[in-house]
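In the order they appear, the protein sequences are chains A and B. Sequential numbering of the first sequence, starting at 1, is according to this note's numbering. Sequential numbering of the second sequence, starting at 170, is according to this note's numbering.
Read the hints as simulated data drawn from the structure, not as lab findings. Just so you know, not all the hints are guaranteed correct.
[To be verified] Here are the simulated DSS-like cross-link-like pairs (lysine-lysine), alpha carbons at most 30 Å apart as the crow flies: (1) A:K12 with B:K360; (2) B:K175 with A:K12; (3) B:K345 with A:K66; (4) B:K495 with B:K516; (5) A:K2 with A:K12; (6) B:K543 with A:K12; (7) B:K460 with A:K12; (8) B:K507 with B:K495; (9) B:K516 with A:K66; (10) A:K66 with B:K239; (11) B:K175 with A:K66; (12) B:K315 with B:K356; (13) B:K356 with A:K2; (14) A:K12 with B:K239; (15) B:K378 with B:K482; (16) B:K360 with A:K66; (17) B:K507 with B:K442; (18) B:K174 with B:K345; (19) A:K66 with B:K356; (20) A:K2 with B:K482; (21) B:K507 with B:K360; (22) B:K239 with B:K315; (23) B:K356 with B:K345; (24) B:K378 with B:K360; (25) A:K90 with A:K144; (26) B:K378 with A:K66; (27) B:K356 with B:K442; (28) A:K12 with B:K345; (29) B:K174 with A:K12; (30) B:K174 with A:K66.
[Stated by the list, open to error] If you want the ones that stay clear, here's a sample from chain A, every Cβ over 12 Å from chain B, calculated: (31) V9; (32) S32; (33) E80; (34) V82; (35) L86; (36) T149; (37) S157; (38) S158.
We put the CB at the ideal spot given by N, CA and C, even for glycine.
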Amino acid sequence: MKHTVSVLVENKPGALARVSTMFARRAFNIESLSVGPTERHDVSRITLRVDCERHSIEQIEKQMHKLVNVLRVSELEPGEAVERELALIKVHAPADKRHELVALAEVFHARVADLGADALIFEVVGSPEELDSFEELVRPYGVKEMARTGRIGLGRSSATTTPLRKQHV
Amino acid sequence: MSGSKKMLGADAVLRSLEVEGVETVFGIPGGAVLPIYDAFARGSTVRHVLARHEQGAGHMAQGLARASGKVGVAFATSGPGATNLVTPIADAWMDSTPLVCVTGQVRSHLIGTDAFQECDITGVTMPIVKHSWLVQDVEELPSIMKAAFHVARTGRCGPVLVDIPRDIQEAELSFKYPDSVDLPGWKPPTKAHPRQIREAASRIANADKPMLYVGGGTLNGDAMAELLELAELWRLPVVTTLMGKSAFPETHELFMGWPGMHGPKWSNYATNKCDLLVAVGSRFDDRVTGKLSAFAPGADVIHLDIDSAEIGKLRHADVPVVGPLKQILHGITAELRKLHATGARTKTEPWLRQIAEWREEFPLRYAKGGDFMKPQTVLETLQALTADRDDVIFSTGVGQHQMWAMQYLLCNQPRTFITSGGLGTMGFGIPSAIGAKAARPDATVVCVDGDGCFQMTCQELATATLEQLPIVVVLVNNGYLGMVQQWQSLFFEDRLSQVHLTHQVPDYQALAEAYGAAGFTVTSEGDLEGALAEALTCGRTAVVDCRVDPREGVFPMIPTGAAAIDMLEFQDPQGAMA
Ligand SMILES: Cc1ncc(C[n+]2csc(CCOP(=O)(O)OP(=O)(O)O)c2C)c(N)n1
Ligand SMILES: [Mg+2]
Numbered sequence: 001m002k003h004t005v006s007v008l009v010e011n012k013p014g015a016l017a018r019v020s021t022m023f024a025r026r027a028f029n030i031e032s033l034s035v036g037p038t039e040r041h042d043v044s045r046i047t048l049r050v051d052c053e054r055h056s057i058e059q060i061e062k063q064m065h066k067l068v069n070v071l072r073v074s075e076l077e078p079g080e081a082v083e084r085e086l087a088l089i090k091v092h093a094p095a096d097k098r099h100e101l102v103a104l105a106e107v108f109h110a111r112v113a114d115l116g117a118d119a120l121i122f123e124v125v126g127s128p129e130e131l132d133s134f135e136e137l138v139r140p141y142g143v144k145e146m147a148r149t150g151r152i153g154l155g156r157s158s159a160t161t162t163p164l165r166k167q168h169v
Numbered sequence: 170m171s172g173s174k175k176m177l178g179a180d181a182v183l184r185s186l187e188v189e190g191v192e193t194v195f196g197i198p199g200g201a202v203l204p205i206y207d208a209f210a211r212g213s214t215v216r217h218v219l220a221r222h223e224q225g226a227g228h229m230a231q232g233l234a235r236a237s238g239k240v241g242v243a244f245a246t247s248g249p250g251a252t253n254l255v256t257p258i259a260d261a262w263m264d265s266t267p268l269v270c271v272t273g274q275v276r277s278h279l280i281g282t283d284a285f286q287e288c289d290i291t292g293v294t295m296p297i298v299k300h301s302w303l304v305q306d307v308e309e310l311p312s313i314m315k316a317a318f319h320v321a322r323t324g325r326c327g328p329v330l331v332d333i334p335r336d337i338q339e340a341e342l343s344f345k346y347p348d349s350v351d352l353p354g355w356k357p358p359t360k361a362h363p364r365q366i367r368e369a370a371s372r373i374a375n376a377d378k379p380m381l382y383v384g385g386g387t388l389n390g391d392a393m394a395e396l397l398e399l400a401e402l403w404r405l406p407v408v409t410t411l412m413g414k415s416a417f418p419e420t421h422e423l424f425m426g427w428p429g430m431h432g433p434k435w436s437n438y439a440t441n442k443c444d445l446l447v448a449v450g451s452r453f454d455d456r457v458t459g460k461l462s463a464f465a466p467g468a469d470v471i472h473l474d475i476d477s478a479e480i481g482k483l484r485h486a487d488v489p490v491v492g493p494l495k496q497i498l499h500g501i502t503a504e505l506r507k508l509h510a511t512g513a514r515t516k517t518e519p520w521l522r523q524i525a526e527w528r529e530e531f532p533l534r535y536a537k538g539g540d541f542m543k544p545q546t547v548l549e550t551l552q553a554l555t556a557d558r559d560d561v562i563f564s565t566g567v568g569q570h571q572m573w574a575m576q577y578l579l580c581n582q583p584r585t586f587i588t589s590g591g592l593g594t595m596g597f598g599i600p601s602a603i604g605a606k607a608a609r610p611d612a613t614v615v616c617v618d619g620d621g622c623f624q625m626t627c628q629e630l631a632t633a634t635l636e637q638l639p640i641v642v643v644l645v646n647n648g649y650l651g652m653v654q655q656w657q658s659l660f661f662e663d664r665l666s667q668v669h670l671t672h673q674v675p676d677y678q679a680l681a682e683a684y685g686a687a688g689f690t691v692t693s694e695g696d697l698e699g700a701l702a703e704a705l706t707c708g709r710t711a712v713v714d715c716r717v718d719p720r721e722g723v724f725p726m727i728p729t730g731a732a733a734i735d736m737l738e739f740q741d742p743q744g745a746m747a
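Whole structure, please, built from the sequences with the hints as guidance.
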């Protein structure tokens, strides 16, 4: 089962390395990881997508809590959170296919970020699942290269994300 | 401290140690720590013990910490000095020993350039420290030192590292040691949940066959008195892991030995057939549990620990209680007293009688006779010579001798058995004994070592003799990497591969004497007691080379992956019991 974990860390040198080292050392698999600033200049947010059992997501959270730079760990529950990702996809696009492609892109609100002689780059933002579908659709045209940011997320405005206890039980 | 004082970074390091109450540190100087060592030369109340290898310095700091409950401190230079500390750091990580390592680093502007003796030691040690700091601003040095000590000893104890570039040591700051730490992300549990404590107490009160399964966390949490009180109040039997050894008086009628791979069969029976397993600062290590799914299969589990990540890591806890063990055990005892007042009584007497029967039925056994003195005899004799003393501390190496030490030495005083449990570091014995001696100059410190282990850290005998930190090394010399030989013999059809060391090389007595220590060679049982007695009382560092049977095995034994209850037993070749 996949989980999205949102981690607030002190914006200190090595904080990201400590989190990712812990994952590697405990043999937890990271599917995607993204890190960036937050509303506070001294705090960064790391969003991790991990594939594991319930039992090990608890282990992951508890082990993460023990890291000195980690301020808060919360799991983003599906439905209770907004999750987004950005992808840049370079698609093979000879002149005769371009119209078709651009029409397709419109359905996904994908933007043409760059246009070349026989290729174009789509910029698409959406839920990771939407990005998967879009990628699938353009694949038959020939995907030359792709870059994705990995997901980021926030708990919905109505519900606060469940902060995982710094102190357990 | 009020007011601030101008000084160099190097001096700030020592002033910080002084404020922390550190009395002794261990280390070896080098280029990147010259300013700090110059500060030592200019004077400090902190005693610096010069080791002969940084690994030794690290293990000495661990030995000090384990014998005293205080934070151990080790110093090393950058690069190779720092990498030599990696083994003690890993060892302290596995055994949760509070340790502050201070390393020098190349000058700030050279970091990242592959400068001479540059090593990214914070990177190398990242998976095996609680936290580490690379000091980038000299003004931050006091708060980092304060934080380092705080993190090392709060929550689950463990190692931290402070890496200080040379230019930071030489820079000036206005020194003021902070009164508190500013670590917004560090909030170890300080109070256990009263509801969980009540629940634990009521389960214990109702259990027919409870067992307190005590680990090293009890010693780290300084909860030995509370443990004793709880066990005595409700007549609860106690087993301790290798790391928990000495947390409970071992000649006490409620003490039931040590579960695990080489624990006595009756101890493993008692642990595995209980109906309520109360884990007290223990972590269900595979060397204790054997096959996990077959470990104490009929028991509910109460898990008491300061580290919530241990709860449910390997075994589901029916009642988890997270917090300081001292407080938790005290709380459970208080609840049981209340229950007692309402008429509740312990039900453990039949269970205690059952364990006593197993104890009768399955004693530790070995066969005497043959050409060689038996290693077990060495340990039995050492035990007999020290039995009525409460001022003896043991340390060990890793291997068969370590297991015999666990089986035959009975420790009644807390913190008197210092061994490398989690990492299993050969060579731990001698330096950790020296560190223990620094912490407890009043005590007689005895290192039970193997011949293989001895050769990994014996250069520290020079530290022992020259720094007036005398220790007694009882060398269980079987001429082999014995534990490996035992596995090859049991599981690889006795094809011995690269395990023979010989009894004679080196000549341990001569080597001891070369280091300024007293040396003894014992080849027969008749000379054993005399030599050990003399070594224990001579007041000098001494090495007693006890040449023992090269092919003796440690029994009983749980083969890896087997259920703890299916132990391999000692097979007497003559069919006789001894
Ligand atoms: C540093 C290190 N290297 C290798 C091992 C693997 N090992 C475990 S016990 C052992 C043999 C120890 O020999 P010795 O000190 O003579 O003790 P004995 O088992 O003979 O009592 C070895 C090689 C280890 N635990 N630590
Ligand atoms: Mg040996």
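Quick rundown of the hints versus the structure:
no. : hint               : verdict
1   : A:K12 with B:K360  : holds, 29 Å
2   : B:K175 with A:K12  : holds, 27 Å
3   : B:K345 with A:K66  : holds, 28 Å
4   : B:K495 with B:K516 : holds, 25 Å
5   : A:K2 with A:K12    : holds, 28 Å
6   : B:K543 with A:K12  : violated, 57 Å
7   : B:K460 with A:K12  : violated, 42 Å
8   : B:K507 with B:K495 : holds, 19 Å
9   : B:K516 with A:K66  : violated, 39 Å
10  : A:K66 with B:K239  : holds, 21 Å
11  : B:K175 with A:K66  : violated, 35 Å
12  : B:K315 with B:K356 : holds, 16 Å
13  : B:K356 with A:K2   : holds, 28 Å
14  : A:K12 with B:K239  : holds, 29 Å
15  : B:K378 with B:K482 : holds, 24 Å
16  : B:K360 with A:K66  : holds, 17 Å
17  : B:K507 with B:K442 : holds, 28 Å
18  : B:K174 with B:K345 : holds, 7 Å
19  : A:K66 with B:K356  : holds, 8 Å
20  : A:K2 with B:K482   : holds, 19 Å
21  : B:K507 with B:K360 : holds, 21 Å
22  : B:K239 with B:K315 : holds, 15 Å
23  : B:K356 with B:K345 : holds, 24 Å
24  : B:K378 with B:K360 : holds, 28 Å
25  : A:K90 with A:K144  : holds, 5 Å
26  : B:K378 with A:K66  : violated, 35 Å
27  : B:K356 with B:K442 : violated, 37 Å
28  : A:K12 with B:K345  : holds, 23 Å
29  : B:K174 with A:K12  : holds, 28 Å
30  : B:K174 with A:K66  : violated, 34 Å
31  : V9                 : violated, 8 Å
32  : S32                : holds, 22 Å
33  : E80                : holds, 24 Å
34  : V82                : holds, 26 Å
35  : L86                : holds, 29 Å
36  : T149               : holds, 25 Å
37  : S157               : holds, 25 Å
38  : S158               : holds, 28 Å
The structure shown violates the earlier hints numbered 6, 7, 9, 11, 26, 27, 30, 31.
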